[in-house]
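Engineer: Read off the chains here:
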Amino acid sequence: MAWASSFDAFFKNFKRESKIISEYDITLIMTYIEENKLQKAVSVIEKVLRDIESAPLHIAVTGETGAGKSTFINTLRGVGHEEKGAAPTGAIETTMKRTPYPHPKLPNVTIWDLPGIGTTNFTPQNYLTEMKFGEYDFFIIISATRFKENDAQLAKAIAQMGMNFYFVRTKIDSDLDNEQKFKPKSFNKEEVLKNIKDYCSNHLQESLDSEPPVFLVSNVDISKYDFPKLETKLLQDLPAHKRHVFSLSLQSLTEATINYKRDSLKQKVFLEAMKAGALATIPLGGMISDILENLDETFNLYRSYFGLDDASLENIAQDLNMSVDDFKVHLRFPHLFAEHNDESLEDKLFKYIKHISSVTGGPVAAVTYYRMAYYLQNLFLDTAANDAIALLNSKALFEKKVGPYISEPPEYWEA
Amino acid sequence: MDLVTKLPQNIWKTFTLFINMANYLKRLISPWSKSMTAGESLYSSQNSSSPEVIEDIGKAVTEGNLQKVIGIVKDEIQSKSRYRVKIAVTGDSGNGMSSFINALRFIGHEEEDSAPTGVVRTTKKPACYSSDSHFPYVELWDLPGLGATAQSVESYLEEMQISTFDLIIIVASEQFSSNHVKLAITMQRMRKRFYVVWTKLDRDLSTSTFPEPQLLQSIQRNIRENLQQAQVRDPPLFLISCFSPSFHDFPELRNTLQKDIFSIRYRDPLEIISQVCDKCISNKAFSLKEDQMLMKDLEAAVSSEDDTANLERGLQTYQKLFGVDDGSLQQVARSTGRLEMGSRALQFQDLIKMDRRLELMMCFAVNKFLRLLESSWWYGLWNVVTRYFRHQRHKLVIEIVAENTKTSLRKALKDSVLPPEIH
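Here the protein sequences line up with chains A and B, keeping their order. Note that the first sequence covers residues 1 to 415 in this note's numbering. Note that the second sequence covers residues 416 to 838 in this note's numbering.
Looking at chain B on its own, in the form it has when it is part of the complex (with noise of 0.2 Å):
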């Protein structure tokens, strides 16, 4: 009788404890998978990588060669230094496009190389200017002017071919217009950097009754107001006038620029190569979690092994698969010449506190769970349980150090391919 009675009472606080356990985890489990979606690139891009190039990278990524991809990447980033950023300068006709491009550029309207400005139509085809001194390899396209003629917006977008161009300036003068106003929300559509440059700046200040301050206020408002009515995010905003290209927000739009064409001709490729090396990585991670006779190898090594001893393998198995384990990083450090990148690799006990699930699978209370499992007569579901868990570990090890290796070499391509223009 007292069997009987101390039988039930186990197998139920057993019971319990496995499905409290069990949903636990799976809460914790589920919220990976979210953060697994990577981030759509900001703006879509003229300036990208033949595919040839994206394969080697892939194929390096995939054999965990960092330092391989580094030197693909490093090749392809610098072959972007002659890369053409075109530019298009467009808005209503007579709002001062050519003018703007001849100040931009600090030449006069009558040189040889002047955009043709004049008091009636004058930009009447896709012209192309450039500025060696100012703006070398980027070609800065005078637009016809909208309005001009009976053509539509959309029309008038499909003639110029805006597609091919990185960056679009909306030139504005008198009046925002519709027209503006359905050019900014192709551009935002089209995820295009677009730019909106009021210009006549001069005619404003000296017809205004108000003060300087409250009339750039005004200008301002306006336009942002036109453009949000029409869901459209703020772009630049800059408000110059053809006769003081040094003056107004001058200045600051030649430095918004220079900045942008760095972008375009760096950052947003390297991005794209970037985003191609995470989702190899990423993978990576799924095959390896798939892979059979790599479960079969570390379940083989159960008998001979605890937990932790078999984990801390699995870990060091895994970055050199990754490439991100401690002689690797070494390698990539040495290659690039920056000894001040961290060229550890991740280290167990660090490994266990980045990550909680991973910290819950490993203390005490669910060992505990698992000893009591083993010492019961239900030695069958032990077996299959401890199986689940020590499965679950080792995914969770290999997400951890995919994840690692993105940030590794993405900071290492940063590191390593970006020029110093910038900094």
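One chain only, chain A, in its complex shape (with noise of 0.2 Å):
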């Protein structure tokens, strides 16, 4: 049946780590779309979407206070240092207690700051018990200075109870900005930091029997050095079902981590016009403006995510010195579906629903308002990633405008 070709084509698409669908669901249903089984089609579908909608993570950040914890965990929540229920940083704890710290935006996502195996004098067996590790999905094991015996009883540790662990080496602009200032003569850049990587990945081996990688990250500007990486392993690592959720909980700062986001809600999207297509055909009545309408809300969402909301535009047209308004007239997706002279919006979209399908699959046939619906918020996605993407380089944002707007309009939009 063209439906289940159409499904396994489209999920092609992706890269391991960005689906959020396991092989074996897939499978599954399009041996039930084959079988002409619909109805049990639906059933696992429904199910793989409530677990993508619901599934809870606890992400567990251990190491020294000071070693740049607080700012790594108010990193991935999206948080400023200084905003109510931020960690704290700059203070000297002494807890020896698990602190957990929801994420903003999704209740689903927890990250726990857990004190250093240093500030206690529990053994590495016991620290893990005490601090109830069989509640996280992964630890990431944050270090500031040298490699510590600590940690490395503590990595193999998690590793002997069969879950994941990462190494993090944090305050890498630090470090490098102490060597050359204390030796501007023998420094080199990408000396120091293969030493770091390969002293902390050396003695990560010594003690375990595999050869686990080592992140290095800064903590003024996270986006640099391994952090990319380091996502990138997270996403690979994390059972498929808690992908989705995760990768929208990360915070807009790599291009990378834009088009997880892009990915990640591409599939939801077919997902769920796959189960309402399968049920219904609804004809395609009412106009266009009618199905935005309705999507209003999900753009909303969509846009959040991608930290273009309005509370977040207006902080970078502050910082670029700018009103609101006049930003906005340089990013697309507020301009997507306004209308043209030249060409109804049905027509062009059309087009678009004709050579986006040909090439990467997805729902054909009839033209039926979920359809629609479908390619009309990948349509969205991909504006506002784009423009997301855009914002990045606030350096060149200006110069790489194409007309008069900054980022490049979504594939085959202006075919």
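No lab work stands behind these hints: they were computed from the structure.
Covered by chain B, according to a simulated footprint, are these stretches of chain A (three or more residues, beta-carbon under 8 Å): (1) 164 to 175; (2) 180 to 191.
Residues on chain A that point at chain B, a partial pick, calculated with CB under 7 Å: (3) Gly66; (4) Ala144; (5) Lys148; (6) Glu149; (7) Asn195; (8) Ile196; (9) Tyr199.
Pair ranges (Cβ atoms, derived): (10) A/Thr99 x B/Ser621: 23 to 31 Å; (11) A/Lys328 x B/Pro651: 56 to 64 Å; (12) B/Glu467 x A/Phe187: 50 to 58 Å; (13) B/Pro651 x A/Asp209: 40 to 48 Å; (14) B/Ala565 x A/Gly134: 24 to 32 Å; (15) B/Lys540 x A/Pro184: 24 to 32 Å.
Each residue gets a CB set at the ideal place from its N, CA and C atoms; glycine is no exception.
Dock chain one against chain two, each of which comes alone in its own frame, and use the hints as you go.
Structural biologist: Below is the structure:
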């Protein structure tokens, strides 16, 4: 059946770490469709969507206070240091207890601040028991100085319990500054970075049989060095149904992050369209504007995920010394569905749908309400994501304008 | 019948007075023994004198030759001017000990004599650094940090031979960890001088959302709380940045370090010598009090002297024996070149006022009591009691002269022996 092949073709567009549905579930749905058991296929899709929506995610961050742990946690949560509920920075803590920090936008996501093992007198095994290791999806071990034996023992204990950990070496910018200032004659940036990474990696290898990766991170500009790789690695290792909520929880600090969010949302939109479209074949009735009106809330949510909500836009405009209205003129997404004089929106959309479905797969044949909603959401996602990516490079923000805009149009939209 | 009634009343009065007087004197005498115990030194010291020197000093003290004592001690302390003070710098690996050593000496990290620093573990064996311009005759030892290996703090301290160091500087940054606390506990138990130094303050200031005074207080409070929980008395605590060797607590740190180096080099060995002198003086006093021949000599003179004259002659005898008579003290003053030093021996009138117990024993009531006994038919008892009180008075005088000797000798040593650097 055409549905089955288009279903499979769609998910092949995404890299492994971007997939929010397991291969097993994809195969199961395809089988049911091929066997013409649509009700069962819909049931599986519903379950997948429910799992994606409600999957809890608990991230444990452990390490010494003063190692940049609080800054790292605040960055993961997209919270400034002085905001309410932010992990305190600058102060020195003596807490022996773990502290939960819920994500401000995604209640499913909680980041736990665990005291560094060096502040306790627990053995690594007792430490994990005390910190209720079974409640987390993975551990991030933070270090800001030399590799410590405590870190090695902790990593070993986590691995022995069959859980994932990631070693993060913070304050890399500070180390580079120090090395350059103290040793101006012999300073070599690549060499310093390699030394740090090799040093940590070698020590971890001595304690573990495997060769776990080490991620170097700056606390000033977290998108530098290895943070993007860390994100990719975390997504790869997470179960499929937790990737959606994790990718959305990340700050839109890098192009890769924005693309993860786009891919994740597109898959969710696809699954929703499949669920709805399989049961109903309501012909397109009414105007495109009616559908857009119904999607308004959804679009606002997407803007929020990409850091393009009104509050965020105000901050960006303020940084650029512009008014919000002047600033918005250069973004595509606010003007995406404005009427064109030369061509009706419907005709333009039909062309877009024809191109994109022939390349990426997806719902074909009769244009229904749900399929139209599907393509409209995809169009918006691409436009918003491109705007968000363009905003990352604030220095060259207006030099890269395409016509009046700072970002590229979505693929096939201008075709 | 009159004789019979008169006698019992007289006996009763005498008996009551005797009992009260004995009890009162006993209470007065006992507190003295408590103050006899000399206070222990606050710090253990590596900078001690040889047994031969100690023996020579002890002999001179016993001979009552204070001038000789001062000469020996002066030579000994002068030989300490080149004593190499050993300072250990330790902490968690990566806390910046090597950077601290370089900053303390005002040198960069790429110079020939720099302690190697870096972003990976750099110090793996103890290394000695010196700075003759800033810290002459001082060895700064850069010890490998804790935590980089599985070694326990106890094993680490043993391997580093921490007992051979005069002063330990515990360096911390990022986190005042359990290792830092264990180091502090051990230093206190070993009675070692130690400081806590918090480094990388520049990092804290650049990333903190608190104003600087609040951040500094927060860091200090946190460290002190950790130490208090472990029953560690407050050590000197300094907050610094190795990028700014002249700012924050660095000047105060250098000041304190210089003073402690002086103490380690001069004051501590002098204190030990002074304690040796104190002990010899106490032993001499004890011997004199047990000297039966001396007591017999004093006793033989009783018939020709009254008590006051007898005691005054005893005082002069004891002062000569301890070397704190007028002649001896003037010699000491002349040889040390400090004529302003009190060169007058303790006078008899001053002696009476110095001690309540002696004043009491010399008072009118006691003498009347003794006269009462003398005139009664208890002549035998009078003899025993009189001899007892006379002995007690002389023992007290010996104690007072011994204490006076200790005080005079300490002052003379301090004034004539310590170099004038610190004043």
